[in-house]
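Order-wise, the sequence lines are chains A and B.
Heads up: the first sequence begins at 1131 in this note's numbering, then just goes up one per residue.
Heads up: the second sequence begins at 1246 in this note's numbering, then just goes up one per residue.
The hints are simulated quantities; they were obtained by calculation from the structure and are not laboratory data.
Treat the hints with care, since some could be wrong.
Unchecked claim - Taking lysine-lysine and the DSS-like style, the derived pairs with C-alpha atoms no more than 30 Å apart in a straight line are:
1) 1224(A) <-> 1397(B)
2) 1255(B) <-> 1353(B)
3) 1343(B) <-> 1433(B)
4) 1224(A) <-> 1270(A)
5) 1286(A) <-> 1287(B)
6) 1353(B) <-> 1287(B)
7) 1286(A) <-> 1302(B)
8) 1396(A) <-> 1224(A)
9) 1353(B) <-> 1411(A)
10) 1396(A) <-> 1287(B)
11) 1224(A) <-> 1302(B)
12) 1396(A) <-> 1411(A)
13) 1270(A) <-> 1286(A)
Spelled out from the first residue to the last, the chains are:
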Amino acid sequence: MTQDDWLPTGSLEYLRQRARMLAAIRRFFDELEVLEVETPLLCHGIGTDPQLAFFSTEFCFHPNRQTLYLQTSPEFAMKRLLAAGYGSIYQICKAFRNGESGRFHNPEFTLLEWYRVGFDLFQLMAEIDRLIQVVAKPFKTLKQTHTVHYQEIFLKYTGLDPLTFSAYVYREFAERAGLPEAVSICENDHALWLDFLFSHCVQPHLGEDRLCMVYGFPACQSSLARLNADNPAITDRVEIFIDGVELGNGFYELCNADEQEARFDKEIDFRASNGLPPVDKDRRFLRALESGLPDCSGMAIGLDRLVMVMIGAESIEQVLAFSVDRA
Amino acid sequence: MATFSTNEFKAGLKVMLDGDPAAIIENEFVKPGKGQAFNRVKIRNLKTGRVIERTFKSGESLEGADVVDIEMQYLYNDGQFRHFMVPDTFEQYQADEKAVGDAGLWLKDQDMCTVTLWNDVPLSMMPANFVELAITETDPGVRGDTSGGGGKPAVLETGAVVRVPLFVQTGEVIKVDTRTGEYVSRVKE
């Protein structure tokens, strides 16, 4: 610890820009009459996603003790509001992901998450574009938005078809591309290969001075998105990038409680067989889906990163008042 | 030796990679929002000096390498090995030409240099940034030239050849920047 470790990591100028951006986002949704909500950060249930590590704590209410979790995203709570008929909603809140720290990661970060009742993926994407243009205006001139299908962009930069997995062909590409370590890391895991190759070979090229929206992810990367009605090999999921930085994910939301529960079970099994902390399915969330989630699309954007790309910050700590090592 | 997890890969950390000692230069945490976390690491092989990029699954670990930099005094060359001594402990080390590398061009008896030891054996070394060496051979200069616009080659007592201004003569001592191999100035005895 040094003498000046009490000082903020973000400069006053950057925090002012950040505040300005938050205000612009709130204005954008207020004008659309999307309701701002606040859901609990401290929750009884947590996502089963094996890629997300969580923080947990004890709620001591004598004589009872209950494990509560710091949310990794407000998705479940917000979908419960949707199922209860509260209409289109947005939220700007903190989310927590354990074990994530780096130039683009802080374990406690700010999410903008919103849901639009009655929107399909393409309506959502049009709205994302409008929002980003509004937010970018005072900061950065963005070129025409680039909207591209996952399969097309993956093929462009790797020559590989992301929908058809061949360990041999993928391995050969990795060796040619100077990434031989991918072979032992990814083995025969298609989704892992896609993560590896996408983040190393594709993502750095996406959204140079513009917004880039990649949609139509392979079904093995569907998360909480529904499968495409015309092509079940892909999923109605969009991911957005500016200057090679991943900013957020959106889905045409999965409304089917049975399929959702099946995906949870699969992830719970994966956790068990890979020595990850066990989690219970969020029953309240599943009951909400059973009662009926309206057709909707939702998007989550990492606000710290959005501020970073807009003002050209090199590291996330520059746009936070205090990053985790000064918290 | 301890092992280090990807989160501990700070610049300067010495680890074993593919059987060779290596130093971490840069470590970037890469994580797709909905996917596996990786660490993209820039790392220098300390044997070959080559810098490579390598990706690790976050949480993987590497064994630490017993690599230390120690200031030593150069003693002498016995024809096969060069000999060095740690001034505080009088402990002596011998290094072959491979470990000495280009540093050999700048090593004069009694000079200090930084020796990198791997498992207590010299692996590489760095001479001081500036050394003072006598010229053993150079063409006679042109009278009246003081700027040294063109310069001429000069052989130093260690065998190194550097370009010096025309007015510098055989027998004089000069200061050389070992990082660039360039003449800096004459040294008044």
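Here's how the hints hold up against the structure:
1. 1224(A) <-> 1397(B): Roughly 67 Å between the alpha carbons, so the hint for residue 1224(A) and residue 1397(B) is violated.
2. 1255(B) <-> 1353(B): With Cα atoms ~35 Å apart, residue 1255(B) and residue 1353(B) exceed 30 Å; violated.
3. 1343(B) <-> 1433(B): Violated. Residue 1343(B) to residue 1433(B) sits at ~34 Å, over the 30 Å cutoff.
4. 1224(A) <-> 1270(A): Holds: residue 1224(A) and residue 1270(A) sit about 26 Å apart, inside 30 Å.
5. 1286(A) <-> 1287(B): Holds, because 26 Å separates the two Cα atoms, which is no more than 30 Å.
6. 1353(B) <-> 1287(B): violated (34 Å)
7. 1286(A) <-> 1302(B): holds (25 Å)
8. 1396(A) <-> 1224(A): holds (28 Å)
9. 1353(B) <-> 1411(A): Not OK: residue 1353(B) and residue 1411(A) at ~72 Å, beyond 30 Å, violated.
10. 1396(A) <-> 1287(B): Roughly 36 Å between the alpha carbons, so the hint for residue 1396(A) and residue 1287(B) is violated.
11. 1224(A) <-> 1302(B): holds (27 Å)
12. 1396(A) <-> 1411(A): Status holds; Cα separation ~11 Å.
13. 1270(A) <-> 1286(A): Holds, because 27 Å separates the two Cα atoms, which is no more than 30 Å.
When held up to the earlier numbered hints, the structure conflicts with 1, 2, 3, 6, 9 and 10 and fits the remainder.
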